[in-house]
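Mind docking chains B and C on chain A? Use the hints.
So you can see what is in the structure, the chains are spelled out below.
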Amino acid sequence: MSAVSAGLRSSRRRGVWAGRLFMAFLLLSLAIGFATLLTLVVQVVFKGVEWVDLVLLLEPPSADPQIAGARPAILATIYLGVLLLALTVPLGVGTAIYLEEYANRNRWYNRLLEINIQNLAAVPSIVYGILGLAFLVRGLGLGRVLLAGAMILTLLVLPTVIIAAREAIRAVPDSIRQGAYALGATRWQVVWRQVLPAAVPGIATGSILALSRALGETAPLLLVGALTYVSFNPTLLGDFTALPVQIYQWVARPQPEFRDTLAASGIIVLLVILLAMNALAIWLRNRYERRW
Amino acid sequence: MVTVPESQTVPVTLPGVNVDAVAERGRPLPARELREVVFDVQGLGVSYSGNMALQDVSLEVYRNFVTAFIGPSGCGKSTFIRCFNHMNALIPGARIHGRILYHEQDLYGTDVDPVEVRKRIGMVFQKPNPFPKSIYDNVAFGPRVLGMTDGLDERVERALHQAALWDEVKDRLKASALGLSGGQQQRLCIARCLAVEPEVILMDEPASALDPIATTRIEDLMHELKRDYTIIVVTHNMQQAARVADMTAFFSVTRGGEGQRTGILIEYDATDKIFTQPSDKRTEDYVTGRFG
Amino acid sequence: MATGEATAADQRIALRAPRRRWGEDVIKGALALCALLSVATTIGIVAALFLPAFEFFEEISIVDFITGTNWAPLFAPSSFGVLPLVAGTLLVTAIACAVCMPFGLGAAIYLSEYARARTRKSVKPALEVLAGIPTVVYGYFALTFVGPRLQDLGLPVGVFSALSAGLVMGVMLIPTVASVSEDAMSAVPRDLRDGAYALGSTRLQVATRIVVPAAVSGIIASYVLAISRAVGETMIVLIAAGGQPNLAWNPLEAVQTMTAFVAATGQGDTPTGSIEYKTIFAVGATLFVMTFVMNLLSIRLVRRFREVYE
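Chains as they are written, first to last, in our numbering: chain A, 1 to 292; chain B, 293 to 584; chain C, 585 to 894.
Keep in mind that a hint or two might mislead.
[To be verified] Over 10 angstroms on every C-beta distance to chain A, these chain C residues come out as not near it, computed from the model: (1) Val720; (2) Leu776; (3) Glu860.
[As the list claims (entries may be wrong)] Below, simulated SDA-like cross-link-like pairs (lysine to any residue); rule was C-alpha separation at most 25 angstroms, straight line: (4) B:Lys419 <-> B:Ala534; (5) C:Lys612 <-> A:Tyr109; (6) C:Lys705 <-> A:Ala198; (7) C:Lys612 <-> A:Asn116.
[As the list claims (entries may be wrong)] Here chain A is said to cover these stretches of chain B; the calculated rule only asks that three of the stretch's residues, wherever they fall, bring their Cβ under 8 angstroms from a Cβ of chain A: (8) 378-391; (9) 482-490; (10) 506-520.
Keep in mind that the hints were calculated from the coordinates and are not lab data.
Glycine included, each C-beta is placed from N, C-alpha and C at the ideal position.
Next comes chain A alone, as it looks inside the complex (with noise of 0.2 angstroms):
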């Protein structure tokens, strides 16, 4: 008996101490990720918390760190997000409605359009930054100005919205779109009052955490010419700069009060506005999420 309950007992003294081993690596590389998740928040908090007051919400940014602040950058950030808004999500749900419901699969062209958009997905963010400064900016004439920020956002969220709604739209079983069509639904009655109402939650979801990406998005920004002094409440066709390059702006700047405390301060305002619209979003995922 006991000779049996031995035999189940590990016998290899080695395998144990490199199983643990491994765990402990396994545990750490989730660590690394986490720690410096909390260290980047604490020390952020820490060093910005005093300075996030009236005067960073209310002010105009100025050369004295004691009276600067982001008015302008974050009402320009608000507009951002309306624009980015009312421009994504009709071109991405339309893209991902024609992917899923309408295009054959087997056409070379439909194909290739998802390879294009899967990589206009992973294309960096500054290089969109090139594309607005030289069509927009230059090109089209249209200037510096907010529309022209919003436009390349909208350019580079547009792959995530579409591959989000795509999903979303993905999961809307069959059954629901055949059911449609035997009653005598043309293909845009199915689309327009089964698939979509069904998917809606899973859109929503999906293109606010898109948005919040693109809402902290500074490089292409900096190529169509967010980095400026702007004292005034931004205009869809005048002069802007968005939170974070506020943020840049004063990290780039070599004294301290600019470059660690304000700009700690002005990170703290940018991480509460992502972090609301990504509460939103798994509120919404956890209300409305159907399993079929």
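Showing chains B and C alone in chain A's frame:
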């Protein structure tokens, strides 16, 4: 709670079941020259991207009959039934060969509109597929997309009555259809189909996902519905075919050169004949349980 | 007989659509136009990058550009050897990969092979938060926290260094590697694992000898994607790696990457048509080609593991 009687000789009486319809089962078939042909299938074949799924099927479907398609899995019976309402056209790469005449006109003629076809030829699927909407909206969907919105309430009520579901749902028409039991969901799908007043109802294994009691109710419903409708039913359950069908077609599989399976029609005759004195050995083997 | 013909005629009319559904065609066209916008974007990017890049190469020899070891476009005499920028990019990328590849894979193995479903459900999105932090924030973190800590460790690093930027970028890319790799590992069929367990394998053996080899194309795809992201990342290097073109391959020194050069030059008032202006596009085109090739490779690899197991 409904209790199932132990002895099979005691008739099961369930709410919503028409006793007359059950009694009608023994009625002899009308003579061939008195039958009205709804579908005349001539040499029909279906291929998916070049692979023949079904080959050379010819048969006639008669008005106010229940016609059953039986056969082992993979014999193409589901593929076949989907030809009658253009559902195969939704699958990229599917091709239809041969002809189906519907009241003497080619169902796959050049100017035939799938929407018009599906309006006249309704379909009930293997798994109940109610839309994620209210019971009322499920039934009203067909009439709405087809523009038959005059007297919609009456139409919905009539359909639910015909599907023997009205008494169970009349107090909760606004409740979600997903809250119904499986059997109720399937009857809702039948009601949904009846609401657009088709001439033909196609049923693709309508009871295969249901328990025996729910199955009995669907079968009784089919008996009742054939007074006003022509019904084609695919079933893997031979007893079900024997119970409900006036005519039965037996399909089987032939294996081609590279192991590809093609469905063929073996025998088509009055149900009694198929089950008691089939003229083909393969049919006999199947109905007696020696094969399949 | 006459009535029969009449009904047949009625039915014949009825199976035809009563009127052409123009609305359906218009909608399909509009949706296709949406889809075409993405094609237009690609064409726009290619045109925006390569047309000025060609003009650039009319003035500067492409051989000098690719093989030159001195990048000094704004000085006189100017010099346009892109190698220092490429070296800076590759150095930072290599440091980032040294972090994100082992730890990203480790996180993926943990999530796919060790974590319970409930743990996975909460840890995975939490890890994704890392990927959602704006890169300007990471840049700030690298500059104001990681750099000084490296100095505390006694490393002779300046305020700006390839090392601090690379390390932070590596952590940022852990979720990218973990998520794509984990997808590939989850797609490995249960049977393969069960078979190995039935033969008495330990978890470690199953993970390293069965699952990782079976998911190797997905893991490579995640690595390629991470490299592509690292090459294309701008803000961290712009803030924390400095602005000095540098061919020394020393992680402790400041370097300028291709992206940082583009951002630094493109944000100014460089006059259209000047040679400085055109350098943005020459460097941008080089960047685009590098990432494009890697993206296609990664898309192809992902497709392969999907085909094998799904």
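Hints violated by the structure (numbers, ascending): 1, 10
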